[in-house]
Amino acid sequence: MPNRFLPRPISLLIFAVIQLLIFQGCSGEDNEETSPETVVEEPEKEEVIGQLSEEDIVLDIEAESVLKNSTIEITLPENANVDSVKAYINEDLLTTLTSPPFVVPFEPMSYEDGDYQLKIEVTQEGGTVTSKIIEVKIDNTGPVLLIQNLEEDQKVCDELVVSPQITDEISEISKVEVFLDDTIIEVFENTSDFDFTINKDGQELGNQFLKFVMQDSAGNVSRDSLNILLSKKVVSLNFPDNFIRMGVDKVHAILSDENGEFLDVVTHSSGVSETLSLCTTEIISEDQELMLTFVEDFQNTILNFYVYGNLSKNVLGGQISFTQRSAGLQTASVDLELPDYEDGFYLRFSTAWSSGIYFNNTLSGFVSKTFTNNELGFDKTFVMNFNRNLGRSYQWAFVENIDEKTSLLSTDFSSTDVIHDFLTVNGTFSSPFLSIYGFESEAHYRSMSGHMIYWNAALSSINGNDYSYADIFDYTLYSIKVDNYGVDGTGRPPESISVPSGNVYFNFSDNRIEFNGTPGYEVGRVRLQNFENENIIVEFIFDGQESGVVVPKLPQGLFSQSVNDTFEMQRLEPVQGAAENYENISDYESYISEILVPSVPFYLVAPKRERIFAQSGLLPIFEFPFHERL
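Under UniProt numbering, the letters of the sequence shown match residues 1 to 630, in that order.
Rather than coming from a laboratory, the hints here were simulated on the basis of the structure.
Take the hints with a grain of salt, since some may be wrong.
Said to hold, decoys possible - Once the Cα atoms are required to be at most 16 Å apart in a straight line, the calculated EDC-like pairs of lysine to aspartate or glutamate come out as:
id : residue 1 : residue 2
1  : K313      : E274
2  : K553      : E534
3  : K369      : E404
4  : K232      : E204
5  : K313      : E289
6  : K175      : E204
7  : K68       : E135
8  : K250      : E274
9  : K553      : D193
10 : K119      : E135
11 : K68       : D115
12 : K68       : E125
What the hints assert, rightly or not - Ranges of calculated distance between the beta carbons of each label pair, as one might list FRET restraints:
id : residue 1 : residue 2 : range
13 : S270      : I184      : 34 to 40 Å
14 : E159      : S547      : 37 to 43 Å
15 : S547      : T267      : 50 to 56 Å
Backbone N, C-alpha and C define an ideal beta-carbon position, used for all residues, glycine too.
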C-alpha cells in the first residue's frame, strides 16, 4: 500500500525509476530474439616449431643443376626459431646469415668447372643443427672442339666429311653453328652428331677459315676456328694394303706444273689401304700440262725419283690405282758348300728380295723369309747352275728353306724340263745380254715378282748364242740387250732380233733435259744421278716425241737439306737416255692411261717393248712401281 505520507516529489521519482526498469527488461527480451549476442574470441598464441627437418630447408635451385645465378635463396618456415644459417660449397664457407631473408651471395666464376656439394646448415636456438646437402655443378666455359680428320692449313680437295667431337664436361650441347669464313654452312641443335661435309662448290679456292660457335645448355658460348685450303682435286692415288714396309720405306707423290713449280705433295707411309688426293688452289684446265713425281724413300737414305712429264688431268683421268706388290721383311743368310762343284760353272739365285752367287767355294747370299704380302713372296729359292761356254750344261734346283741347308749336292740339281735354244742377232757382231725370269703363279706374274732363271752378260757367238732355262713356270719374261738396243717381252725369247739404226740424243743443262728421240717410239726416258751421293737417282719418263722436260722443284721440309741442295744447285749428272716403243701402244698418252694409271706391268698391255739407248753400256731400269729391274 502506498505510503500516503511520502512527499509528492519523492513519489514521482520512485515511479519513474520503476517504469524505466520495466522498459529495459522488455527491451532485453526482444534483443534475444532478434539479435544474438556476438562473441569475440581472443587470438591463439603461435606454437614455436621444434627442430627442423631437411625437407624444411627449401632452395631455389634443384639438385644436379648448374649454378649460374649470383645468389642462392633459402626459405625456412616462418615460425622456425633460427639462430644462424650457413652455406658451404664443398668445404668453402660462403656466408653466415642470422635473420631473414636468407639470401646467399655466390659468384660461380670464382670456381672451376666441375661437380660440387652445396651444404646448408641451419642452427636453431638451443644448438640443434639441421643440414641439407645437394649435388650441384658449376659450368663457366663453353664446349670444346676436337677434329681428328682435319688439321690447321690442311687442303680440302673437292669435299671432305668432317666429324668434329664437340664436348662439354658439365652441360649438354645445345647449339653449334659452323661458318666458312662468314658464311654459315651448318647449324646443329640438341644433338650429339655434328658430322658435316665441306664442299668447295660455290666457294672461293684458297685460304678459308672454318669457324665453330658452340653453346651449351648452361648458356656458355665458345668459339674455335682453323684455317683450311679449299682446293680442286687433280688426281687421287689409291694405295693397297702392304704397298710399303712400315717404318722402312714410304712413297711421296709431288704434283708440279709444266715449269716444275711445286703445287702439292702427299705421302703414303701407313702401309694400309688409303686414297690420297693431289690438289691445287689454282684453276687447272683439263689439258693444262703437269708433272707428277713419285719418290720411293727408303729410310731417308736411298731415294728413287720417278718424274712423269707431259701429263694432264685429261690424260690421268682422275685417279691412279696402284696394284698389289710385295717386299721382303725378315731375311736369313745362305752359306752353302758345293762339294760336287765343277770349275767354270755359274751358280746364282736372285729375286727382287734375295740374292746369292757362288764365290770362294761357297754359294753365299741371303733370302727373305717373310714379306709384306706373303702370297706374293717366295717359299722356295731357284738356283741356276751352268757353264756359259759349255752347251746344254744347264741345271737347276728349286730349294725349300735354303737357309736351313749347309750344302747342295749334284743330286739336288735337275737337267730335265729344260729349254735349249739359240738367239740370232742381226745388225751387229756384239754378244747380246740375256736374262729370263719365271713366275710361280699368275698373281706373281701380275705383280712382277719372279725368279731369275737365266742370266748371261754375253752369249757366246761361238756356240751360236745358245742359252737354256728351266721350263717349269707357266709365266716367263725375257730381257735382251745388245749395243744400244734392248727388247723385253713375255714368253719364250724370239729366235732372232735386229738392232735398229735409230739414234737418241739427250742433254741436261740449266735444270732442263733436252731430248731428241726416235720416230714411232712413244716414251722418252732419261736418268740423272748425283755422283757424290749415288743413293739419289732421278728417272724421267715423258713423251718421246717432245723436246724434253724440266727438273721439278722439291717441297720444303720433305727431304734433308743435302737432297734439296742436290736439286737446287744442279748437282745432278746425266747417266742414261732411251726411247721406248711399246707394242699395242700408239702414243705416250696411251702408255700413261693403260700402264701407269692402272699400275700394271708393261707386259700385261704390251707383250714386247723395245728400247733404243743414247749409248751402249746399258744400265738396268726399275719398273716402277714394282721392284724388278730390266
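Quick rundown of the hints versus the structure:
no.: 1; hint: K313 to E274; result: 21 Å, violated
no.: 2; hint: K553 to E534; result: 20 Å, violated
no.: 3; hint: K369 to E404; result: 11 Å, holds
no.: 4; hint: K232 to E204; result: 11 Å, holds
no.: 5; hint: K313 to E289; result: 8 Å, holds
no.: 6; hint: K175 to E204; result: 27 Å, violated
no.: 7; hint: K68 to E135; result: 14 Å, holds
no.: 8; hint: K250 to E274; result: 13 Å, holds
no.: 9; hint: K553 to D193; result: 43 Å, violated
no.: 10; hint: K119 to E135; result: 9 Å, holds
no.: 11; hint: K68 to D115; result: 13 Å, holds
no.: 12; hint: K68 to E125; result: 33 Å, violated
no.: 13; hint: S270 to I184: 34 to 40 Å; result: 35 Å, holds
no.: 14; hint: E159 to S547: 37 to 43 Å; result: 39 Å, holds
no.: 15; hint: S547 to T267: 50 to 56 Å; result: 32 Å, violated
When held up to the earlier numbered hints, the structure conflicts with 1, 2, 6, 9, 12 and 15 and fits the remainder.
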